[in-house]
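A.B. asks: One line per chain: the protein sequences are L and U, in this order.
For the first sequence, the working numbering begins at 13 and goes up steadily by one.
For the second sequence, the working numbering begins at 85 and goes up steadily by one.
Hints are not guaranteed to be accurate.
[Unchecked claim] Residues on chain L that point at chain U, a partial pick, calculated with CB under 10 Å:
#1 T72
#2 G73
#3 P79
#4 L130
#5 A149
#6 S155
#7 F158
#8 F180
#9 T185
#10 G273
[To be verified] Calculated lysine-lysine pairs in the DSS-like style (CA-CA distance at most 27 Å, straight line):
#11 U:K248 / L:K108
#12 L:K113 / U:K248
#13 L:K96 / L:K140
#14 U:K248 / L:K94
#15 L:K108 / L:K94
#16 U:K305 / L:K96
#17 L:K96 / L:K122
#18 L:K94 / L:K140
#19 L:K108 / L:K96
#20 L:K113 / L:K96
[What the hints assert, rightly or not] Which stretches of chain L does chain U cover? Using the computed rule of at least three CB atoms under 8 Å from a CB of chain U, they are:
#21 83-95
#22 99-107
Don't read these hints as lab results, they were simulated from the structure.
We put the beta carbon where it would ideally sit given N, CA and C, even for glycine.
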Amino acid sequence: MIRLWIRCNLHDVRHILCALLLLGCLPSQALCFDLFNNDSPDVNDSVFLEVTEPYIDMHTGPGRGYPVFNVVEQGETIEILKRKTNWYKVRSADEKTGWTKASQLAHTLKPTGVPVDLPEITHGDYLKSSWRVGFGAGQVEGSNTFSISAGYRPLSWAGAELEWGKIFDNSVTSDFYGANLLVEPVPDWIVTPFFTAGAGMFSFDSRHKVLVDDTGTSRYFSFGAGANYYIGRNIVMRGEYRWYSVSTDDDSVGLNSWRIGLSTFF
Amino acid sequence: MENRFKHVLLGHRDRPCFAATVGKSLVILSLCWTGLTVFGSGAIAAEAGDKTGAVQVITPEVKPREVTEADIDDESFEIGVFVGIINIDNFSSEPLYGINASYYATEDFFLQLNYAVSSADLTSFEELSGENVRLLTDSERDYTYYNALVGYNIFPGEVFMTSKLTFNSALYLVGGVGNTDFGGEDNFTITLGTGYRIVLRDWLTWHIDFRDHIFKSDIIKEDQTTHNMELSTGLSLFF
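Using the sequences and the accompanying hints, generate a full structural model.
C.D. replies: Set out below in structure tokens:
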């Protein structure tokens, strides 16, 4: 009874979602039918592969430790339904569906007899990748900071990024936004050093408005150095030291800063 | 495509239930509306064709679409909504509403962005002191946070609801930084927590989360480290 109820309600959710999507606009129909046919895509839209290894395992889930419940033998055909991280959901000829690790599918053949070429993100993609987004946290002169950045790298060794962040001082909270140029002279190392030069604006907001109601902006320029560490897939860890020169009314102040963060490229 | 329409209209005939009927009715109504739109625009086009007198019947060349490995559906992104209770330190426990987006980088690690809103009520001190004593204005009681977290699936597994109904699940840990806007101030916030996810469908997950949002506040006293505990639950869609 509980099972029936759960099933019924899951289908209702899909129905109602689809109704909303359909009422919304026409192009969403494609998405709607994808929702319905999630596990049974049109036969013409599937990738079929022939197993050439002695066998491949089918697991109950896409992750470490999920038990093997079925085996597809050499010469049999499997249908690829979808992918999650480095696992593929496959359907065997006897209509069983399960999850197979990407490495196990590496030696399968397409119907044309050509070895399959599954998309895999490696360090090589990092070298030619163009867009990057990331976030990081650290300190500026002992005050906590975090920032997010988005950038484009037209050359394998140089790129530019936009950055927005916050610095939380005891008496002042500042937003900062700016642009950085990055030079990464040896991008093909797993740990790659880089240098940055940037400029932007600090916007200050006093925390103790009762005492000082002071807000204002200041320009800055910065120089930095750090290293990117390629963790795997499309994730890179970034550590950086940066020196800011912030112009005040009649002088400039130097600020030391460090941060560590993660970025992803695509 | 015809089969897909049939699937929509005739699917699940063996399990009639009220909500399903309502849902399907909505779908049928929507399809009618969509159909009207399509045929309406078609009629206009046909009229235009009559006027020019140049009606051309085109036989489309049907080529089987070549499916390549790159066309395999990759489901790594997840968006969701959640509701819960947050215990705002020194204040009260209040309902919390939020949205989040996750990117599953590997089978073990994911990155997550969260945004949520709540609003603090009176402290016990304010309650007892009467209407003349207020520590914060109404707008300063708005509690809003956003953060970026890294998650690790520490205990992946399966749950057995019945002898035949099994869902994949995971207990995960999250940690990260963000900002909490409370008391009219921005506060650097460290978020640590744990959560439990049940994968209802490949595209739908249900999760329960327990998180501690830690920040230094000077509303009540100077530089007090506050722990704001959140218990929430939500649904997410993979795409």
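A.B. asks: Does each hint hold? Answer for all of them.
C.D. replies: Here's how the hints hold up against the structure:
A least Cβ separation of about 7 Å between L:T72 and chain U falls short of the 10 Å threshold, and the interface hint therefore holds. Against a cut-off of 10 Å between C-beta atoms, the interface hint on L:G73 holds, since the closest Cβ of chain U lies about 4 Å away. Restraint check, L:P79 versus chain U: the minimum CB separation of about 9 Å is within 10 Å; hint holds. Taking 10 Å as the C-beta cut-off, the interface hint given for L:L130 holds, the closest approach to chain U being about 5 Å.
Interface restraint check for L:A149: the shortest CB-CB distance to chain U comes to about 4 Å, inside 10 Å, so the restraint holds. Nearest Cβ of chain U to the Cβ of L:S155: about 8 Å, under the 10 Å cut. The hint holds. With a least beta-carbon distance of about 5 Å to chain U, the hint placing L:F158 at the interface is held under the 10 Å criterion. Hint status for L:F180 relative to chain U: holds, with the closest Cβ pair at about 4 Å, below 10 Å.
At a threshold of 10 Å, the smallest CB-CB gap from L:T185 to chain U is about 5 Å, leaving the interface hint in force. Interface restraint check: L:G273 against chain U, minimum CB-CB distance 9 Å, threshold 10 Å, status holds. Pair hint U:K248 plus L:K108 holds up; C-alpha atoms about 15 Å apart against a cutoff of 27 Å. For the hint linking L:K113 to U:K248, the alpha-carbon distance of about 25 Å falls within 27 Å, and the restraint holds.
Of the pairs offered as hints, the one joining L:K96 and L:K140 holds, with about 23 Å between alpha carbons and a cut-off of 27 Å not exceeded. This hinted pair checks out: U:K248 and L:K94 have alpha carbons roughly 24 Å apart, not beyond 27 Å. The straight-line distance between the Cα atoms of L:K108 and L:K94 is roughly 14 Å, inside the 27 Å bound, and the hint therefore holds. Using a Cα cut-off of 27 Å, the hinted pair U:K305 and L:K96 is violated, with the two alpha carbons roughly 48 Å apart.
Restraint check: the Cα-Cα separation between L:K96 and L:K122 comes to about 21 Å, which is no more than 27 Å; the hinted pair holds. Restraint check for L:K94 and L:K140: satisfied, since their Cα atoms lie roughly 26 Å apart, inside the 27 Å limit. Only pairs whose Cα atoms come within 27 Å are accepted, and L:K108 paired with L:K96 is accepted, the gap being roughly 18 Å. Taking the CA atoms of L:K113 and L:K96, the gap is about 10 Å. The hint holds against a cut of 27 Å.
For the stretch 83-95 of chain L, the stated coverage by chain U is satisfied: 4 residues place a CB nearer than 8 Å to a CB of that chain, which reaches the threshold of 3. Beta-carbon proximity to chain U at under 8 Å applies to 3 residues in the stretch 99-107 of chain L; the threshold of 3 is reached and the given coverage holds.
When each numbered hint is compared with the structure, a violation occurs for hint 16 only.
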